[in-house]
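Trainee: Each chain is listed here by its residues.
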Amino acid sequence: MNILVVGLSHKSAPVEIREKVAFSPTAMAEPLKQMLALPEISEAVIVSTCNRVELYATSRDSEGAISRLKDFLGDYHQLSREKLNEHLYDYQGEAAIKHVLRVAASLDSMVIGEPQILGQIKTAYGYASEYKTAGVILNRFLHKAFSVAKRVRTETAIASNAVSVSFAAVELARKIFSNLEDKTVMLIGAGEMCELAAKHFVNNGVAEVLVTNRTFSKAETLAEEFSGRAVAFENFQDQLHQVDIVLSSTGAPGYVLHADKLSKVLRLRRNKPMFLIDIAVPRDIDPLANKLDSVYLYDVDDLQGVVQANMKERHKEAAEAEAIIEEEIKQFQLWLSTLEVKPTVISLRRKLEEIRQAELQKTFANLAGLDKKERKSIEAMTNAIINKILHKPTSILKDAQNNSDGNLYIDAVRTLFDLPEPTVEPPKEKKPAND
Amino acid sequence: MTSHIILFKITLIAYFSATVLYLVNVVLKHEKSGKFARWVLFCGIAIHFVNMALRFYEVRYTPVTDLHGSLSFFALCLVVLFLLFDIRYRLPVMGAFISPLALVLMIFAGIAHKPLLELNPILDSWWFPIHITFAFLGNAAFSLAFCAGVMYLLQNRMLKSKRFSALYYRLPSLDTLDSINYASLTIGFPLMTMGIISGAVWAESVWGTYWSWDPKETWALITWFLYAALLHGRLSIGWRGKRAAIFAIIGFCCLLFTFLGVNLLLSGQHTFKALGG
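Heads up: the protein sequence lines correspond to chains A and B, in order.
Numbering of the first sequence is given in our numbering, commencing with residue 1 and proceeding in unit increments.
Numbering of the second sequence is given in our numbering, commencing with residue 1 and proceeding in unit increments.
Because the hints were derived from the structure by calculation, they are not lab data.
Certain hints may be false.
[What the hints assert, rightly or not] Subject to a maximum C-alpha distance of 30 Å in a straight line, what follows is the list of computed BS3-like cross-link-like pairs (lysine-lysine):
hint: 1; chain 1: A; residue 1: LYS150; chain 2: B; residue 2: LYS29
hint: 2; chain 1: A; residue 1: LYS183; chain 2: B; residue 2: LYS160
hint: 3; chain 1: A; residue 1: LYS272; chain 2: B; residue 2: LYS162
hint: 4; chain 1: A; residue 1: LYS183; chain 2: B; residue 2: LYS9
hint: 5; chain 1: A; residue 1: LYS98; chain 2: A; residue 2: LYS122
hint: 6; chain 1: B; residue 1: LYS29; chain 2: A; residue 2: LYS312
hint: 7; chain 1: A; residue 1: LYS316; chain 2: B; residue 2: LYS160
hint: 8; chain 1: A; residue 1: LYS183; chain 2: A; residue 2: LYS291
hint: 9; chain 1: B; residue 1: LYS162; chain 2: A; residue 2: LYS312
hint: 10; chain 1: A; residue 1: LYS264; chain 2: A; residue 2: LYS291
hint: 11; chain 1: A; residue 1: LYS351; chain 2: A; residue 2: LYS372
hint: 12; chain 1: A; residue 1: LYS330; chain 2: B; residue 2: LYS32
hint: 13; chain 1: A; residue 1: LYS11; chain 2: A; residue 2: LYS122
hint: 14; chain 1: A; residue 1: LYS261; chain 2: B; residue 2: LYS160
hint: 15; chain 1: A; residue 1: LYS312; chain 2: B; residue 2: LYS35
hint: 16; chain 1: A; residue 1: LYS199; chain 2: B; residue 2: LYS32
hint: 17; chain 1: A; residue 1: LYS330; chain 2: B; residue 2: LYS242
hint: 18; chain 1: A; residue 1: LYS261; chain 2: B; residue 2: LYS242
hint: 19; chain 1: B; residue 1: LYS160; chain 2: A; residue 2: LYS291
hint: 20; chain 1: B; residue 1: LYS162; chain 2: A; residue 2: LYS316
hint: 21; chain 1: A; residue 1: LYS83; chain 2: A; residue 2: LYS98
hint: 22; chain 1: A; residue 1: LYS376; chain 2: A; residue 2: LYS392
hint: 23; chain 1: A; residue 1: LYS272; chain 2: A; residue 2: LYS183
hint: 24; chain 1: A; residue 1: LYS132; chain 2: A; residue 2: LYS144
[To be verified] Sample of chain A residues with no beta-carbon within 10 Å of chain B, all distances over it, derived:
hint: 25; residue: SER147
hint: 26; residue: VAL170
hint: 27; residue: ALA230
hint: 28; residue: SER263
hint: 29; residue: PRO273
hint: 30; residue: VAL413
hint: 31; residue: PHE417
Virtual Cβ for every residue (Gly too), placed ideally from N, Cα, C.
Chain A with its partners taken away, still in its complex shape (with noise of 0.2 Å):
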């Protein structure tokens, strides 16, 4: 049994197409049903959102349904297949465990490391369970993909550095004040950004918010927002040293702050340090003030640098998750590997034998008058017993081999004889489960 991945993304696709494959969220009962129709298909579960539109399937036939999930993403939505094709990308085998896991871990989006993703898969594998779509084996697989994510989510700094500029502001401010707790922002303007950054800064802790505005009756309406504290542009000055963070966003032609207005404030401050955020363009603060010690400036572009170092930061951290994920595929595969018909009679049968032979050993030990022969005899009856027993099942399991329900019935011998896990005695066969 091989799990197959049909769909496109952001990466192969641009929003035009994307949004006509889509599935809509509140209709998702018939495109699984449908799917699940086709043919050469055992198991389905689709993964729409605003990146990607993925079908994940398993099929003992894996050209022949690739070329159907094709068809049926076209049909579906009425597009050609010629217009499809170029954008949709297939994986089978152990490619499409690579890819699903590293989609679920957040290695695929467009923003690595972005939290949604795991999301909306759980959102997806949700609709297939309800509407019984998913087998033995995407069920264990998604799952499988869920603790991925978790792990790599944990283990690595994939998602530690903040990659929007309002959020990266209040990572900076923890790089220069240890904790936020007692510290003050004032918003100069009201820019949406600003009121952004001010928002993560609230949630992050600060203790004031003050807010000045040309306008006074709109500084008022945002402190309120924040419960903090309007204060009158015209004297704005005389309260910064108070301020530790600054939030600047007005439209004015010129600086609304000086470098030498600013270092007399940083005496009346015994030079606490001050951490200035200006994203006015153009800008509102002199740039002459990062030259102060204890002054830290940073502009809309500064912030995109931060940004863009933090993206790199990630990208390195994408590399150990790679490696978490090699691990777990050659797991997963295991697993997969003893939903095949061969390993699992042979296991069965190993743990007959073993039952027999220690049943042997006691009986043998309690009746000690026994000759050569009566034993032979003994041990030839418990034999037949074991061959009889397991005649049946062998030949019904190797019949539903070929039928879509075959992984139920091999699951259902493993756990019922409890046989034991790959991982604790890996069985000879190790190769990934296609034939």
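Position chain B relative to chain A; hints supplied.
Mentor: Relative to the frame of chain A, chain B by itself:
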């Protein structure tokens, strides 16, 4: 090989391992190796201490009379103080600065190892261990201030220039580094003061004079004034951050000269020759 040499080598290996582990922690961001490094360092201290105690028992005086003993004792003070700081600040990245420093001190101590000479009878006094313990712990505290200062300047430069290396993500905030600088200064300064006073009292009991302008005394006084100026600047003028970091670094250079330069280059009653009698 005497037991002293064997224990010394084990200590050296422990400090080396701690250095490697701390560097692995910082460079590869491997969290566990930082915790492990702390334990290795702790074991190193224990062995180091046992070694000194055995040595004391063997020769019946504090074995800090030659370059080998001084460097080794300095390393011990440094790591002890670092681990005490580490309890509060939990900074493996600082370990990546301190443990190599201790390692280098130990390597030089190993190179400088010579059989101990007869003790100068003047040193056969309880003032001797008291004097050097204060002085060396003070030195160790200033070394921490130095490391924090270097880290501060690195982090400050990255924040100012807006170009971040991998170290940026590992170094703590400027505020934390500045407070480490301040804390080590407030610990180091009284210790150094006590070191100088105990030395003076001891000198009075031996030579009948508190102060004889021996080069070590002169340089110690210069260093003391430097740190006094820094402490004063911090407390009353509001020096902090970059200026305090630079000052801590200059102070440390002066301290190094007082500690090593005077003993090796100048003459006087603190040279190892004089100590050896």
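Trainee: Take the hints in turn and mark each one as holding or not.
Mentor: Okay, the hints, checked on the actual structure:
1. LYS150(A) / LYS29(B): Within the cut-off at roughly 18 Å; holds.
2. LYS183(A) / LYS160(B): Within the cut-off at roughly 20 Å; holds.
3. LYS272(A) / LYS162(B): It holds: about 20 Å lies between the C-alpha atoms, which stays within 30 Å.
4. LYS183(A) / LYS9(B): violated (49 Å)
5. LYS98(A) / LYS122(A): holds (17 Å)
6. LYS29(B) / LYS312(A): holds (15 Å)
7. LYS316(A) / LYS160(B): With Cα atoms ~24 Å apart, LYS316(A) and LYS160(B) stay inside 30 Å; holds.
8. LYS183(A) / LYS291(A): Satisfied, since the Cα-Cα distance of roughly 22 Å is no more than 30 Å.
9. LYS162(B) / LYS312(A): Distance ~15 Å between LYS162(B) and LYS312(A) Cα, so the pair holds.
10. LYS264(A) / LYS291(A): holds (14 Å)
11. LYS351(A) / LYS372(A): holds (26 Å)
12. LYS330(A) / LYS32(B): holds (25 Å)
13. LYS11(A) / LYS122(A): holds (22 Å)
14. LYS261(A) / LYS160(B): holds (19 Å)
15. LYS312(A) / LYS35(B): holds (27 Å)
16. LYS199(A) / LYS32(B): Distance of about 35 Å is beyond 30 Å: violated.
17. LYS330(A) / LYS242(B): Status violated; Cα separation ~52 Å.
18. LYS261(A) / LYS242(B): holds (21 Å)
19. LYS160(B) / LYS291(A): Holds, at roughly 8 Å.
20. LYS162(B) / LYS316(A): holds (20 Å)
21. LYS83(A) / LYS98(A): holds (27 Å)
22. LYS376(A) / LYS392(A): This hinted pair holds, its Cα atoms lying about 26 Å apart.
23. LYS272(A) / LYS183(A): Cα-Cα ~11 Å, so holds.
24. LYS132(A) / LYS144(A): Measuring from Cα to Cα gives roughly 18 Å; hence the hint holds.
25. SER147: holds (20 Å)
26. VAL170: holds (13 Å)
27. ALA230: Holds, because the least Cβ-Cβ distance between ALA230(A) and chain B comes to about 29 Å, which exceeds 10 Å.
28. SER263: Since the minimum Cβ distance to chain B is about 13 Å, SER263(A) lies beyond 10 Å and the statement holds.
29. PRO273: violated (6 Å)
30. VAL413: holds (41 Å)
31. PHE417: At roughly 39 Å from the nearest Cβ of chain B, PHE417(A) sits farther out than 10 Å, so the non-interface label holds.
In terms of the numbered hints stated before, the structure departs from hints 4, 16, 17, 29, listed from lowest to highest.
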